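Q: This is what each chain is made of:
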Amino acid sequence: MRLHEYQAKQIFSKHGIKTPRGEIAETPEEVRKIAEKLGGKVVVKAQVLVGGRGKAGGIKKVDKAEEAEKVTSQLLGSLIKGHRVDRVLVEEILDIQKEYYLGYVVDKSKRMSTVIFSKVGGMDIEELASKHPGEIHKIHFDPLWGLQDYQIRKGLFKAGFSGDEFKEMFRLIRTLSDIAYKYEAELTEINPLVVTNNGFVAADARLNIDDNAIFRHPELETLRDATEVDELEREARLKGINYVRIGGDIGIIANGAGLAMTTMDLIQVMGGKPANFLDTGGGLADPIKMKACLEHVLKDGNVKVVFINIFAEITRCEKVAEGIILALDEMKRKVPLVFKLVGTNEEIGRNMLNKYAKEKGTPIYFVETIEEGAKKAVELADGV
Amino acid sequence: MRLHEYQAKQIFSKHGIKTPRGEIAETPEEVRKIAEKLGGKVVVKAQVLVGGRGKAGGIKKVDKAEEAEKVTSQLLGSLIKGHRVDRVLVEEILDIQKEYYLGYVVDKSKRMSTVIFSKVGGMDIEELASKHPGEIHKIHFDPLWGLQDYQIRKGLFKAGFSGDEFKEMFRLIRTLSDIAYKYEAELTEINPLVVTNNGFVAADARLNIDDNAIFRHPELETLRDATEVDELEREARLKGINYVRIGGDIGIIANGAGLAMTTMDLIQVMGGKPANFLDTGGGLADPIKMKACLEHVLKDGNVKVVFINIFAEITRCEKVAEGIILALDEMKRKVPLVFKLVGTNEEIGRNMLNKYAKEKGTPIYFVETIEEGAKKAVELADGV
Amino acid sequence: MAILVDENTKVIVQGITGFQGSFQTKRMLDYGTKVVGGVSPGKVGSEVHGVPVFNTVEEAVEATGANTSIIYVPARFAYDAILEAFDAELDLVVCVTEGIPLYDEMKVHKRLKEVKSMLLGPNCPGVISPGKSKVGLLPDRCFKPGNLGIVSRSGTLTYQIAENLTKAGIGQSTVVGIGGDPMPGLTFVDVLKMFEDDDETKAVVLVGEIGGSAEEEAAKFIKKMSKPVVAFIAGRTAPPGKRMGHAGAIIEGSTGTAESKIEALRDAGVVVAEKLFDIVNEIRRVMEK
Amino acid sequence: MAILVDENTKVIVQGITGFQGSFQTKRMLDYGTKVVGGVSPGKVGSEVHGVPVFNTVEEAVEATGANTSIIYVPARFAYDAILEAFDAELDLVVCVTEGIPLYDEMKVHKRLKEVKSMLLGPNCPGVISPGKSKVGLLPDRCFKPGNLGIVSRSGTLTYQIAENLTKAGIGQSTVVGIGGDPMPGLTFVDVLKMFEDDDETKAVVLVGEIGGSAEEEAAKFIKKMSKPVVAFIAGRTAPPGKRMGHAGAIIEGSTGTAESKIEALRDAGVVVAEKLFDIVNEIRRVMEK
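Residue numbers (my numbering), protein chains in the order written: chain A, 1 to 384; chain B, 385 to 768; chain C, 769 to 1057; chain D, 1058 to 1346.
The hints are simulated quantities; they were obtained by calculation from the structure and are not laboratory data.
Owing to the predicted nature of the structure, the values given are computational and were not obtained by experimental measurement.
Some clues are possibly wrong.
Said to hold, decoys possible - Some residues of chain C that are not near chain A, with every Cβ distance over 12 Å (derived): (1) Lys802; (2) Gly818; (3) Glu873; (4) Leu905; (5) Gly914; (6) Met962; (7) Arg1034.
To be verified - In silico DSBU-like links for lysine-lysine, alpha-carbon gap of 30 Å or less: (8) D:Lys1332 / B:Lys759; (9) C:Lys802 / A:Lys110; (10) A:Lys64 / A:Lys33; (11) C:Lys878 / A:Lys138; (12) C:Lys881 / D:Lys1332; (13) A:Lys158 / D:Lys1067.
Claimed, not checked - If you anchor each label on the Cβ, the simulated ranges turn out as follows: (14) D:Gly1228 / B:Gly624: 36 to 46 Å; (15) A:Thr196 / B:Glu605: 35 to 45 Å; (16) B:Gly685 / D:Lys1100: 33 to 43 Å; (17) B:Glu755 / D:Arg1323: 19 to 29 Å; (18) A:Lys110 / B:Asn581: 50 to 60 Å; (19) D:Ser1103 / C:Gly1037: 52 to 62 Å; (20) B:Leu528 / D:His1106: 32 to 42 Å; (21) D:Ser1103 / A:Thr175: 23 to 33 Å.
C-beta atoms are modelled at their ideal positions from N, C-alpha and C, and glycine is treated no differently.
Pulled out of the complex, with its shape left as it was, chain A reads as follows (with noise of 0.2 Å):
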């Protein structure tokens, strides 16, 4: 789960990581009055969960309030990089002497936490990264020792820091890394590191959560609605579908999130566009799980057709047509329908599958690979 900027840099402050004063609006009225509180000089930062925010104009500095009430008027409801803006972080404009970068991710290769720190900031990491690679500085740490005071000291020695700023990197590296124990984050970053005259602040902040973990974190779950961008992607986590919005217009439905890929690249090898998407996971031996994944996939009003790649390893296959049937008979619209089914009794699922089609005049098409699969969407998608 990723938090907003806006709520990384609540939970930074509660943890004493001096950031920028401000607060967040849903309006332009709410934006003028805090502009003018805050003296009228501003930024206004489109809340938006997606990196390079700035260069795409979710950024905007004004000078006075009634400006400040404008560019609101203009980033609320656009789309920066396609997501939409319902919220903007209206904060006072920093006297920024050096930007730095502070960040901090669990490295999956070395399967180790790691602290990344740079004097070079205000940049994204994988720019810093090719840009100037040797002015970043990592500390690897185990879950079960910990970031010892040492490695830090190590860190910054190596690093060139040396008297206040030594001091100060040592406590926010401190800080931040058990900011990312306690709520077990995958990543957590403060770009630019502002250095003022007074002090280091955190002039942006980014803090995403293990989703797996969130189970632990109960305080945070509060904190998701407004992490969501798609609504489609929203309401499939509330029902425990695994649903991805990439669209196109053809669906597709997969049991597996690489069989499900696989349909994904080969729809597009074969020049057509996926829809979404979507991992059935385990479990269809429930046919109400298969139903709610095909109608969930036909709420994306784009979709031309749905291609339906089940490798029913343990389901029977009538289990899953079952489900099919279920999802058709309640729907209304009728799309034509792909399908590879491989599994047990697949040929009574393809049977109860066909007399329904026959029956009710659903087009539905049986193939034997997703070669085949991929090429009948494409040609069924663009109205061959």
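For this one, chain A is given, so just place chains B, C and D on it according to the hints.
A: For chains B, C and D alone, kept in the frame of chain A given last:
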């Protein structure tokens, strides 16, 4: 730091371990009121930091509130195994079905934490170990990994626990080891752990905190006042002097615990009785430390002679002499000193002390070996 | 020979009384796997499909001489179950459970360095040495004995690939699903090493996915291998920054893309198939050489 | 030969700018110990008695090639300092600091299993190989080169014993103060093993104390030793349940009493001296054999 039963019970109770209903009291009147509230049938327990309190008469069961008041008047101010009773704990009498044992200790030879439990309870763990060695179950775990659920399960199943008792013990072991880690306990114990109709109740409670870790638990400092038994020991702690009251008439000052213990040993071998153990530690370069030690030993009115055994490895001996002279100068009572002084400038130190002794008439005897010193000290104490 | 499991493998099932545990026990028994015991705290004395149930892994191992465990417990208890299996000094621990918290997995990896057990998974379908033993939930009919090794991060995709191969007459020595988690126990490299040393294995199929750097690391090792490797990478068209089911299948910036993986593998001399059926053809080609 | 330290030992001092650290650096230099560097965070570039100061142990080791460290930092920072020294892969870490929390020490012991360093202490006076090197605060004049090994839990008591021996003409190969803490790094057994293997050592004096079971464990090992051991146990008359300075010197119930230790040692063929001077006589007797 060893906590009193009532203090440990407050902590246990705060963490969800059931303790008997009851209150702490310092006067017989208070005890009567508490006993009335509890329905008259109560147990009155002397709060002294010594094992085997029950057998020594420190625990009294009564049927009526008046009786409770009466036994309290007898208990308060009395000595239980040499410890004065200042407070009593008044508690309901439990409906005892069974008595178990549950403890936690840092096993210093294994360098690991250890949970110990037994279906035989109500006797102290040493007695339990010698009478029913097969009934003692242990779970070792290290501080980094902590206690894992499966380790508790393994231990409890092996000991034959099942059903509700399994669940209750599981929770208690988890809670007790959590308490141990939270407060850095050397030892904590529930003995007996009483099985009643209403579940498991901690009838007694013990919690010893690592003195070296108290700085990380400032909230415990406030509990300490009540835990000291000996006024001179309490004073010594406040002054930072490592002093233990033994009870004889020959005061001992040595630098180093081993040297101090050897001095005690030899005094007893020679037929004398040490009044105390005192290890000055390092830092004797400052005469004030030596002065404070001598003053402190002489506060014990039983002391007839002081054996000072200094092996000044770093310190120059004139500094030691200076401290002694400072102390003697302010002292009202004149006790003879036996002195073994070895180290840099020992001649200068001796001369200073000899000169002072002649001028003021304080008897100071220099010796060459600890054996000789012990003999001399015993002679002086016996008035030979 | 085969790797990891064979006719001598004796398996216990942790979580045997659960729905999945019980069902998969039956399927493993049907395949001929020696499932000798199950673990379910407090249920000692009962039986599941004729398999005796024990309270702890230690008891089960003492009573049965098992050397392998398969874990079917919910995600929040999986960490403890894995440590319990390690503690009983099993040779191989297969963890099917999906959704284990990242910090639990980091600790499991720390523990792995201290113990003798190997871990397969978590979030994996297990391992099968066709005709000898199956520890996991791979569908029997997709596999037949032979000389091809398969190692994969995906489940159903691998069954599909294996089935294609089996139908084409290419049997397998062992098929290993290392699982879709970002921090698997046994990695591609670990399994490739075993295949390289296994007399029965003549060639290997590697089924990878976007996300992480496991394929890139595998490519480095493959350069040193004597046996031919054919690869397939799923997710070539996935949009960046979207999470695709497996925790591993997320692309961030330029790392972990299909392109980087395919390039690394080709650079190591691996044939990377574009379509599923290409795998069959390529394997036939390299095995006939 | 000698054990632990000799003329090739290169030492860094952690906490060199503190009062104790600086003072003891001077004394070690005076003795001829090769003190090649010191560590004090933020003080790189300065010098203490001519010894260069570094920010971290790693820097100091890289610059000087040190293989040994001695730690003089306050108790609450000692845990971190010890781990830092381990991390720099020093052969020997001597920790003088007293009063380290028990839970920190437990963690240090866990770490010891993972690293190559040996730990002497904490709460110890260090080690001296007379005429070769001294890493610690033992008073020079009490020691002279020879063939007796001494291992002890006490500080000043050991100086006294060593001085008696030195005055009687009995020199030492190495004198090791393992420290008074209940969980020492190097134990009696560890050091006895080294003495047993050391050509230069002909006999050993063991100075024990009440509390714990280190002497009992030593007795078990001594049964297998070829070299004669003479022991002294302090605290024979200490009352039970009282803590005597060292965390180790506490007697609880019947464990750790002087009687149990003396009995175990005598049972292992050790001569246990009653008075300090008996040690000299006994050593003279066994060494003349």
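Q: Are all C-beta atoms of chain A more than 12 Å from that of C:Arg1034?
A: The claim stands: C:Arg1034 keeps its Cβ more than 12 Å from every Cβ of chain A (closest is about 17 Å).
Q: Are all C-beta atoms of chain A more than 12 Å from that of C:Glu873?
A: At about 8 Å from chain A, C:Glu873 fails to clear the 12 Å cut-off, so the statement is violated.
Q: Is it true that D:Ser1103 and A:Thr175 lie within 23 to 33 Å of each other by Cβ?
A: Holds, since D:Ser1103 and A:Thr175 (Cβ atoms, about 30 Å apart) stay within the stated range.
Q: When you look at the beta carbon of C:Gly818, is every beta carbon of chain A farther off than 12 Å?
A: Correct as stated: the minimum Cβ-Cβ distance to chain A is 21 Å, above 12 Å.
Q: Is the hinted range of 33 to 43 Å satisfied by the C-beta distance from B:Gly685 to D:Lys1100?
A: At roughly 51 Å between Cβ atoms, D:Lys1100 and B:Gly685 fall outside 33 to 43 Å, so the hint is violated.
Q: Given the hinted pair A:Lys158 and D:Lys1067, is their Cα-Cα distance within 30 Å?
A: holds (24 Å)
Q: If you draw a straight line from the CA of D:Lys1332 to the CA of B:Lys759, is it 30 Å or shorter?
A: The hint holds at about 13 Å.
Q: Measuring Cβ to Cβ, find out whether C:Leu905 lies farther than 12 Å from everything in chain A.
A: At about 7 Å from chain A, C:Leu905 fails to clear the 12 Å cut-off, so the statement is violated.
Q: Taking 52 to 62 Å as the stated bounds, is the beta-carbon spacing between D:Ser1103 and C:Gly1037 within them?
A: holds (56 Å)
Q: Could you see if the CB distance from A:Thr196 to B:Glu605 stays within 35 to 45 Å?
A: Given a distance of about 39 Å, which is inside 35 to 45 Å, the answer is holds.
Q: Report holds if the minimum CB distance from C:Lys802 to chain A is greater than 12 Å, and violated otherwise.
A: Fine: 21 Å to the nearest Cβ keeps C:Lys802 off the interface.
Q: Taking 19 to 29 Å as the stated bounds, is the beta-carbon spacing between B:Glu755 and D:Arg1323 within them?
A: With Cβ atoms ~22 Å apart, the hint holds.
Of the numbered hints listed earlier, those contradicted by the structure are 3, 4, 9, 12, 16.
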